[in-house]
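S.K.: With the hints as extra help, turn the sequences into a complete structure.
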Amino acid sequence: MEGTRVLYFDMERCVGCHACETACKIENNISIGPKWIEVVQHDVLKDDGTWTMKFMPMNCRHCAKAPCIPACPTGAIEQGADRVVLVNSRLCIGCAECLQACPFGAPQFGPGGLMEKCTLCAHRDPEAPTACEQFCPVGAIRSGRPQELSSQKRKQCLFIAAAGVTARSTGEA
Amino acid sequence: MRPEKKERMLILGAGAAGLSAADAIRSVNPDSPVTIVSGEKGLPYARMALPYYISGKIPVKGIFTGMRRDFSGRKIEYIPGDPAVGLDTHRQKVLLRSGLALEYGKLLVATGSVPEYPDMLAGLDAPGICNLWTLKDALQIKRRIEHGGAIAVWGAGFVAFMAAKALAMHGRKVYLICRANRILRRVLDEGAAGLMEHALSEKGVVCLKDTNVEHIGVLKGGKKHIVLDGGRELAVDVLIVALGTRPNTGFLHETPLAGKKGLEVDEYLGTRIPGIYAAGDLALVRDCVTGERIAHALWSAAVREGRGAGLNMAGDRHQCDLSLLMNVIDLGGYGAVSVGHPLLANNTEVYQFADKAGKAYRRLVFQDRRLIGAIIVGRCTDTGFFPALIRGVPELTQARKQKILRFPWNIAPALLGL
Amino acid sequence: MIVFNPDRCVGCYACQVACKVERGLPAGACGITVLSYESLDGGGERRVHYRALLCHHCADAPCVRICPVRAVTRDKNGIISVASEKCIGCRLCSLSCPHSIPSFNDRQQMTKCNLCIERIEAGLKPACVAGCPVAALEIEAPREISVRKRRGLLRKRCCL
Amino acid sequence: MQTVEIWTRHTECIIIWGCNYSAAGIHHLRYILEAKERGVPVVVVDSYVTAVASKADIHLQPLPGTDTALALGMINYLVSSKLHDRDFIERHTHGFEELREAVKEWTLKRTASVTGVPADKIARVAELYATRHSMIECGYGHQRYTNGHQAQRAVSCLAAITGNVGKPGAHCNFMEVGAAYTGFLNSARVQSPANADIKKTRLISISHFGPALRAAGNPPIRAVISWRGALITQQPDVKGMLEAIRKLDLFVCLEQFMTDDARWADIVLPACTMFEQWGIHPSYRHQYLQVQVPVIGPLYESMPDIDFWCELGRRMGYKKYFPKGKTGLDWLKELLPRDFDIKQAMHPKGPVRMPERFCLPVPHMSGRFSTPTGKIELFSVMYEERGKKFPGEWSPLPVYYPPVESRAGDPKRARKYPLHLTSQHPPYRTHSQFYTIPYIYEIDGPPWVGMSRADAEARGIKDGDRVRVYNDRGEAHCTARVREHILKGVVELDSGYYVSTGANANMLMSPRAAGPRDVGAGIMQEYDFQLDGHTIPYNDCLVEIGKAEEV
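Protein chains in written order, with the numbering used here: chain A, 1 to 173; chain B, 174 to 591; chain C, 592 to 751; chain D, 752 to 1302.
In case anyone wonders, no lab produced these hints; they're calculated from the structure.
Quantities reported herein were computed from a predicted structural model and do not represent experimental measurements.
Please note: incorrect hints may appear among the correct ones.
[What the hints assert, rightly or not] Below are the DSS-like pairs computed for lysine-lysine, each with C-alpha atoms no more than 25 Å apart in a straight line:
(1) A/Lys54 x C/Lys740
(2) D/Lys1213 x A/Lys54
(3) A/Lys46 x D/Lys1213
(4) B/Lys234 x C/Lys677
(5) A/Lys65 x B/Lys576
(6) C/Lys677 x B/Lys376
[Stated by the list, open to error] Derived Cβ-Cβ restraints for the label pairs, each shown as a range:
(7) B/Arg242 x C/Gly619: 35 to 43 Å
(8) D/Phe1091 x C/Ala732: 52 to 60 Å
(9) A/Glu78 x B/Leu273: 44 to 52 Å
(10) B/Leu578 x C/Ser627: 12 to 20 Å
(11) B/Gly229 x C/Arg734: 40 to 48 Å
(12) D/Arg1066 x C/Gly669: 54 to 62 Å
(13) D/Gly1076 x B/Arg264: 51 to 59 Å
(14) A/Glu12 x C/Gly634: 36 to 44 Å
(15) C/Gly669 x A/Gly139: 37 to 45 Å
(16) C/Gly619 x B/Leu392: 40 to 48 Å
(17) C/Ala732 x B/Arg490: 30 to 38 Å
In this text, a Cβ means the ideal position worked out from N, Cα and C, and glycines have one as well.
M.R.: Okay, here's the thing in structure tokens:
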């Protein structure tokens, strides 16, 4: 998928400020509770016997072969040509089967109990950054074409969510 | 665009479609005025539950689907016993029989269907001859069969079957007068119908196939004398006529919406007049297997369409016109399910399975790599998977299909990716 | 909701027994169903997989929506339960449930998982969860599942 | 203060001392991380494993309040290893010999035993620092102790003896915003208008507000207006503060939220939000500023703060100086240098740099320093002089002594209250601000106290338990967070929880002051903020933790 813009997360940069969470909530008007993107933290023992912390923002990875899609019993989750996985809330019955299938814990459940999750800011312009990228103060969330990443960075950024905007942006071209 | 706050949502009909629509409107729009008009008196009830009421399984209060406080608590106006008699699409008004004219912003026609009557026979107006359609009918039947007696059911469709079953379970002698060569011929094949007939006969129902009613008379003491076309004669206390239904669209005859088969709707359940929607038995929705426009007189379809229409009325854009045929009947634990079009015959692959004891039966019909219909008799634990599968969720891959055909008695593992 | 871990299940059916004992259910009806299925793995070995069919207590449950006599209801805690005495046995719920969860007792009344509400109120886990000898079942809120999975991923990543 | 761009481009080693950029100044982190990705080693000195420490190549974790010892140990190690910059010392410093003698006692072994940092780690960092073009970024972490002024002096001396001062990318940055900013925004221009009848004002220590209100005699203080601050929440000795406030005739608060001050105020005046009024935004550690342009008019009865003060001035009879209709923008224009084009600072594109004449990109490049000797005073002549005039701790050479309230400083007290509480800047709030925002509360959760697993286990506390943090001054109730990364014996309780939540760390703090000068009751005469210091030793606090009783 050359040319596909991807969103990538840099664990070496994330400092756990949760700005992405709040930016996402404000951008998508999410209620208290569900977190389309969430920064998680983990204590790690270093080689010298002292402790340190690791942070990582987690959102929906928009997997190429998303396990939530076959898990959904009502066909409410769809993946478009741009690879963005979206949920149709009118078909969702809130059974949370998708959450059990998702290894990333991405599906969230709002006050009505229906599934909602990261849309990669699908309502924004295809070339515009997502809210989380825009408001990350340390550049831990960035988007770009995979070939723009150095191999070093690519190694650091295990988690790459495909924000396949190619289809959206080059569709007309 | 959300509708204006003051815009009245008028729902004609308090059946499954009408009430689902009201629920759906309220779920997204807690404020707009909603009015439900019912042609029948009293509280709304589930027509489906009437056979269970006459069989004695539930008390009469168990059939009601909406209580007054449900309506008042959610600020829904409920007008019972006042059927619509006219519609003025220009002034956006509905005229009720009492003379009341209701203005609307959005209108949902969900007046359901009415039973078909055979037009030829004399004597149908005698007491003890009725449909099983309204609560009034049910109360009448219940009263007449209280102290035993024989009952004839004319027709062999879903309602007839449910009536016969209900009364037989109640310990009554029941004759099922079936014009075709099998019962439930629209939804079951011979194999399945045979099993169900057998099960019925074990409960004391006599199925008279390839038979029609020639003459009806009334004997002394009120018993009905029924002459059948084969020359056989029956004397019964009650005759239930259940020969099918037609859409209840009479009051629309002067509007552009009038149509004998039902109301044409688009994929958002809107009719050709903006602001007017239709759902339930009279809405001509697309069959999700054949794609043809047809009115499915089903509870499940009415609930689904009612909800969809309600959401669209409240300002959503929710595509919801694909309807799936599904019938489920149960004879005291022995059930039959028919989903989709299991009897379709062109370019289909048909697989039939029967267990050794001759108790369970399955018919799976595929067309162009799709499952388009299924009949399941006995062993009904996995039936919930069929409607979704026919709708294409999950997709029927070749591997899945092979798994289903290898283990046809429980398709759940094949669908859950095991 | 009750979460099933297929990697742990050994197909002992203790959950089904626990459920039936707890709720006094007859044969044929149960709040949890364990399915088994065989497949060949990469090395040509036969493997048995298990999967529990459990009520998800869906937020917008089709069974609640479709029940003609409103016998299936969702309470304030989100638990979907059936009032047996109201049930007419029309089986629409079982046809509408995408997991075919509703089962029927000998009186043709629908029975299904009620999350053992009495046990939960008494501070206990549901019977199936408590009865599972290999901890393949756990009761967990969706938010907890999400947090557990997200944390777990980071932990895994940190241990690389 | 050097501007961030310079040090990210030229620096070869960064030491972040007592500063958690992820909580206070996250906008700098991008530059630090970029430098790190360029291969620059990043060292963090902090008792906590902060988010910034988690990004460091080397993290030195000294025991609370031992930073002075750490810096002195590093100086001694460098001098004895001959890694100091003799040329720079010769030309730009004063008192090196005295310092060399004074630090001799700080062998690596002793330093390691006092600070708890392994000796090899100290040596490694010292070498790294001395042999490269290095930067020290100081926060307030090591300064909020009673020995904090000496810690900062020791760190500065470390920079001076290695010559890492006044070169692009090599400097010792303190949290300074004041000098450049006050010069730029010249409030003196309106402070004393000619011929104005303004009574002589007294400088009251806000950290000693309680004692100062009692001590102020002529005239006594009768009314207080709390404005853009949190008098009750953010100052130590909450009980003393509340007592003093109770005795006032009038306590007024300008607020939008039900803060502690608003809760205690006799009158709460509806204040404008930043979206409704003019303002100006500088920041710590960089040289940018931005003019805040109102995007909506004041809502309801609220009014811009400047309007309130002007109106008050007019009512008090100073109509002449507070003309009606003078907007926030007019005031800003008056305060800013006349040749500064305010329009560029109002541009929606963002902040602009202050003109260079107010803040040099690389200060001290000239090698001239505004001290009596004109050099960097390792032996401070100014301190010596000042010490003759005012009481206090005026050691002209940096010396280490344990903080007054610490395990080493007060072993008797530590037997009763063995845990060292340090209250850091909350990462998701600005002190007590934003506590009321649901999205923030969702992230931060109810008030919590962090403690090590060893301390928790010794007290039978599990993660998530309700606990009581207490000493003889007060107590705070919060949820325990038991974490591996917290040092044994150290307790983390974020500052800024409202007193009304029952989890305010200041309930436990003593009203003593940090800094060389002892100001007694808190009314300060002839105050020199460059020398006298006078901060609050928020990190000088011993507590004990116990499980809270079930209610």
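S.K.: Next step is simple, just say for each hint if it's right about the structure.
M.R.: Hints and how they fare:
1. Taking the CA atoms of A/Lys54 and C/Lys740, the gap is about 16 Å. The hint holds against a cut of 25 Å.
2. Under the criterion of a C-alpha separation no larger than 25 Å, the hint pairing D/Lys1213 with A/Lys54 is consistent with the structure, at around 22 Å.
3. A hinted pair counts as satisfied when its Cα atoms are at most 25 Å apart, and A/Lys46 with D/Lys1213 qualifies at roughly 24 Å.
4. Distance hint between B/Lys234 and C/Lys677 is fulfilled; the C-alpha atoms sit about 9 Å from each other, no more than 25 Å.
5. With a C-alpha separation of about 22 Å, the suggested pairing of A/Lys65 with B/Lys576 holds against the 25 Å cut-off.
6. Of the supplied pair hints, the one linking C/Lys677 and B/Lys376 holds, its CA atoms being roughly 24 Å apart against a limit of 25 Å.
7. About 37 Å separates the C-beta atoms of B/Arg242 and C/Gly619, a value consistent with the hinted range of 35 to 43 Å.
8. The given range of 52 to 60 Å is respected by D/Phe1091 and C/Ala732, whose C-beta atoms sit roughly 56 Å from each other.
9. The hinted range of 44 to 52 Å is satisfied by A/Glu78 and B/Leu273, whose Cβ atoms lie roughly 46 Å apart.
10. Between B/Leu578 and C/Ser627 the C-beta distance comes to about 19 Å, which sits within the given range of 12 to 20 Å.
11. The beta-carbon spacing between B/Gly229 and C/Arg734, approximately 46 Å, falls within the hinted interval of 40 to 48 Å.
12. For D/Arg1066 and C/Gly669, the Cβ-Cβ distance of about 59 Å falls inside the hinted range of 54 to 62 Å, so the restraint holds.
13. Roughly 57 Å separates the CB atoms of D/Gly1076 and B/Arg264, a value that falls within the hinted 51 to 59 Å.
14. Checked against the hint of 36 to 44 Å, the C-beta distance between A/Glu12 and C/Gly634 comes to roughly 39 Å, which is consistent with it.
15. For the hinted restraint 37 to 45 Å between C/Gly669 and A/Gly139, the CB-CB distance of approximately 40 Å keeps it satisfied.
16. Range check, C/Gly619 to B/Leu392: Cβ separation about 45 Å, and the 40 to 48 Å hint holds.
17. Remark: the range hint 30 to 38 Å for C/Ala732 to B/Arg490 is upheld by a beta-carbon distance near 32 Å.
Every hint, counting from the list given before, is met by this structure.
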